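> On the provided structure of chain W, position chains X and D as indicated by the hints.
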Amino acid sequence: MIDFNLPILLIVIPMMAAPLCVLIGHRRVAYVFCLLTTYAVFAISVALMMKVSAEGTIRYNIGNWEPPYGIEYVADSLSSFVVMFVSALGAIVLTYAPASIAKEIPESKHSLFFATYLLCLTGLLGICITGDLFNLFVFLEISSLSSYALISLGRSRRAPLAAFHYLILGSVGATFILIGIGLVYQMTGTLNMAGIAGRLPLEHGPRTVLVAFAFMTIGLFIKVAVFPLHSWLPNAYTYAPSVVTCFIAATATKVSVYALLRIVFSIFTMQFAFEQLPLRTALMVLALVGIFAASTAAVFQDNVKRLLAYSSIAQIGYILLGISMANQAGLTAGISHMFNHAIIKGGLFMVVGCFALQLGSVQLSDWRGAGRTMPWTSVAWAIGGLGLIGVPLTAGFVSKWLLLTSAFQTHHVIVAVLMLLSSLLAVVYVWRVVETLFFSEPTEKTAAAKEAPLTMLVPTYIMMGSILLFGFWTTYSADLAAAAASSLMGVAP
Amino acid sequence: MNMEQIFGLYNYWIVICLMMTGFYIVIASPNMVKVVLGLNIFQTSVILMYVTMGKVEGGTAPIVPPSIANGHAAEAAIGHAAEAGHSIVAHAAETPLADVHAAAEAIVYSHPLPSVLMLTAIVVGIATTSLALALIVRIREDYGTIDENEVLEMDLQS
Amino acid sequence: MMTPENLIVAALVLPAVALLLLNAFGEWPNVREACMLAVSCILFLVTCGLASHVFAGERPMWSVGEMVPGFEIAFKVEPLGMLFALVASGLWILTSVYAIGYMRGHHEQHQTRFYSCFAIAIFAAMAAAFSGNLFTLFVAYELMTVSTYPLVTHHGSKAACDGGRVYLGILLSTSIAFFMLAIAWTWFLAGTLDFTPGGVLNFAYADGKLNDLQLGVLLGLFAFGIGKAALMPFHRWLPAAMVAPTPVSALLHAVAVVKVGVFSVLKVVVYIFGIDLLQLSGVSIWLAYVAGATILIASLVAMTKDNLKARLAYSTISQLAYITLGAALATPNSVIGGGMHIAMHAVGKITLFFCAGAIYVAAHKTNVSELRGLGRKMPFTFVAFLVAAISIVGLPPGGGAWSKWFLAIGTAEAHLYLLLAALMISSLLNIAYLIPIPIRAFMAPLDTDLHGEHSHGEQNHEHGTGNGGIQEAPWMCVVPLCITAVLSVILFFTAEWIYEVLLPITTK
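Residue numbers (my numbering), protein chains in the order written: chain W, 83 to 575; chain X, -16 to 141; chain D, -19 to 488.
Once the Cα atoms are required to be at most 20 Å apart in a straight line, the calculated SDA-like pairs of lysine to any residue come out as:
1. X:K38 / W:G271
2. X:K38 / X:N(-6)
3. D:K56 / D:W42
4. W:K191 / X:V120
5. D:K189 / W:Q491
6. D:K138 / W:E523
7. W:K185 / W:S238
8. W:K191 / X:S113
9. X:K38 / W:Q268
10. D:K357 / D:H344
11. W:K191 / X:I119
12. X:K38 / W:T290
13. D:K138 / W:W513
14. D:K138 / W:T455
15. D:K138 / W:E517
16. D:K56 / D:E(-15)
17. X:K17 / X:I109
18. D:K189 / W:H493
19. W:K532 / W:A184
20. X:K17 / W:L251
21. D:K138 / W:A529
22. X:K38 / W:T272
23. D:K138 / W:R514
24. D:K138 / W:V510
25. D:K138 / W:D448
26. W:K191 / X:R121
27. W:K185 / W:R239
28. D:K189 / W:V495
29. D:K138 / W:L446
30. D:K138 / W:T518
31. D:K138 / W:S522
32. D:K138 / W:T525
To be clear, the hints were calculated from the coordinates, so they are not data collected in a lab. Treat the numbers as computed from the prediction; the structure is a model and nothing was measured.
In isolation and in its complexed conformation, chain W is listed as follows (with noise of 0.2 Å):
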């Protein structure tokens, strides 16, 4: 029966355990039940992606009622592969917070905490794994929600304000989805993504179904932070807790690009995204665009978190032009980017916790010497940094492989010849800290630094091993990915 019921679990245990947790009050109790929680997400997803590679698409309805009267939650390669890495990086975080929260959330706060944390679990999970295309608003309107409250609970000043400004720029996208879905409801009458594929009128298609898709879009790019729709994303980022940032980071963008691959991909069909729109250049302009002005602006950043909230916008544009291939190799770029980023950022900005506790500072310049008095989170920053370069062996080299080689099978060679520029701009930015950190004669407070708690070491090195475990060991991830892009480009949901 479980086994039969896996899609809806994955969302209904940590929505019921996210008030349970309030309820327990006892921050420790709360603390447990809910890392317990998030473990027990992660078996669901493991056990779903096995059930999806053995048995093929699995379509669920809830309640039993058929769509398009009821809502249909589908798991295919492509959910199944987000769904796993989502609650893992939720999992792995969650390992890793107590002691950061500790210093950085006050003590009557936490069970909010960890009740709202799983909220934004549920949230990214729902969206990926809903086949109903308003149902997809309402879980990434839970997840935005969650994700706002989370942020305002920074210790600076400028939290609630950043949150207030990821608010107001996150609900306009919203609601910019919620009338591209009321258009497309209007055209086919049904809110099923499997319905509406097969109904929509896209060729010689009337106005509406234009509007539609640039509202969506647009949306969605606010949502993934495409330039120039980014400006919410490196104050967030940059003052929020650690551990949200951490969590957010690795999972937010990933789970809006996977809404917008859905839509675009699955519901809208390729060929008209990119045929018969001009999707493919404003995706590739943006991208570009995106990752040398990112890249530059992380350059002069003092600011390890600003620093690094502007590569996650960098790298979102890579994942963006894999997808604007609109080919095999390019789509499994872009979707192995998705996996391999959210290890590599999850993992830097672990580390930058790491730094901020012992340091009690996220400035560079206060991080002098800290390679001396804290070898190991030094070493991980220096391995995390590597796969955001692109070295071989980690993570990151095998999307940018990917990339560069699905760049040559298009005729793109600019494209070739930009991203590869563009790495040597993340060179520079990642070995100004490693140089700060090994090279720089210590301050009084670094001389006097401890090295980060076990706690949160462990997970640390679980996110660099792991980072570079599938730099050479593909097969959960780059294979996964070209599983799921192929069954994007060939048949809707």
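Chains X and D only, in chain W's frame:
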């Protein structure tokens, strides 16, 4: 664009006006509370769009009238009875029931689903608004003002 | 007894084993170093065993698996790679002995980290030597860049940081911007990245998918992308890396790092482009001229350098350009000459660097102008220097004479007499900047301020407190450099064997 299109689509014109008004307020207003209100107007316009979308010309509220509802109840009862084996009674009652069905089919209803979807959207809007206002209260406590420009200045100075 | 495939696996696993043992026994220096020496000796034996198979005509292969969908890590040994592997593994033993002496003599910090990075670098060298396709070569190449960075910046000082920045900056930039691009382009044109005798680009060229200009650009992307070959203007990393301790300069910048560079260039020319394609299209002539310019300019700069290591660095740049020249000329003789020079130059240059380090350990002198008269105090060191210098210059009985001979024949075969003149002039320049050093060390009187100088400020207790103060360097430093000096003469007599062993790479 002919008269039919301009006046016939009046609901969409209203939606567009509200939408742009709300969007303009979001972009242009320095007062944070007004920004939230602008967002609300923006979201309301979308709600209006859906709700008016569901309206069918000549359609009534999507509620089955009591008379037919009772007829349906009778049908259900007879159906039960038929199962219990009182088929003679069922046969006799079939023809009037067919009329009941037809009567029900003949009424034109507006589509209920968009309104239902908008219930959810309204709730989402409320949650967003309350969260935004809570954030504004926090900002007011930290900065002493809810004017964006003043907040920006204070940030640049520090 | 062991199959060739197993030997390949063993050769790759052994440096990893060394890495584990080094870190396990990090606290006990003697055990640690004994393990390292033992493993390096076994590695050399394994490599010799593999060589007997490969030089007999076999081409053993080992395919590991796909690292990225569609691209696999695979190893396939052929004569050129085998020669490079022999040189690298053989010299690792000697460098380990030397490093032990040097690091202990200097009481250097972080010795376990040092030896560990060495082991990883050797692993990368072996992986590059045995690579069966461009993808594997690229992975090994980048691994070597990353693993040698901690070696270059070993001292942790500001100078080390700056040197390391130039090192990493140039090598990573060229490999990402040019080399990676070239590999992807090759894959797109040829559909495969496997190293194939005769090259893989023939069909693309014949079909017209690739015209002369594009072929030339591709060659340029490879030549400049392989920054470790130190072709001007991407040569600055080599002098910048001299900030490293001398064992690092010796093994890596005379043997492993730079040789991976020129080896990669040779391999690309022979197995990706194919000698015939390059001769037919004539697109590599511009590269020959760039190499020739590098040879001359680097030699001229070397003459102006007073710092011994800097002078040797520029000499290395010049010598590497010889090999690139051999590759660019794309005649059988020049390619074999280039391959031969990998061995000859490695042995000669490592001797020179060993000597430079020994001089620093014994007398704390780093500049050429300070070396007058030292030869009488450090006879072994400077005699070895002289012998190695003769090999580098290209005079018999130094091994370098043969490799220069074949390169010269290559230029004549290609009718590029300007380059032949460049080779001859550079030999004269080599004499000018290398030979005076040992001559002055023996003939000139000792500088007065060196008399009676104790090793103040250093805890170099190995040099006793005799009157005069300067003695020969510790035996662990002197023995390896004598061995390599003798080796450079022995190689002169084995040149014919090397020629025959390398001949198969020029045929299909």
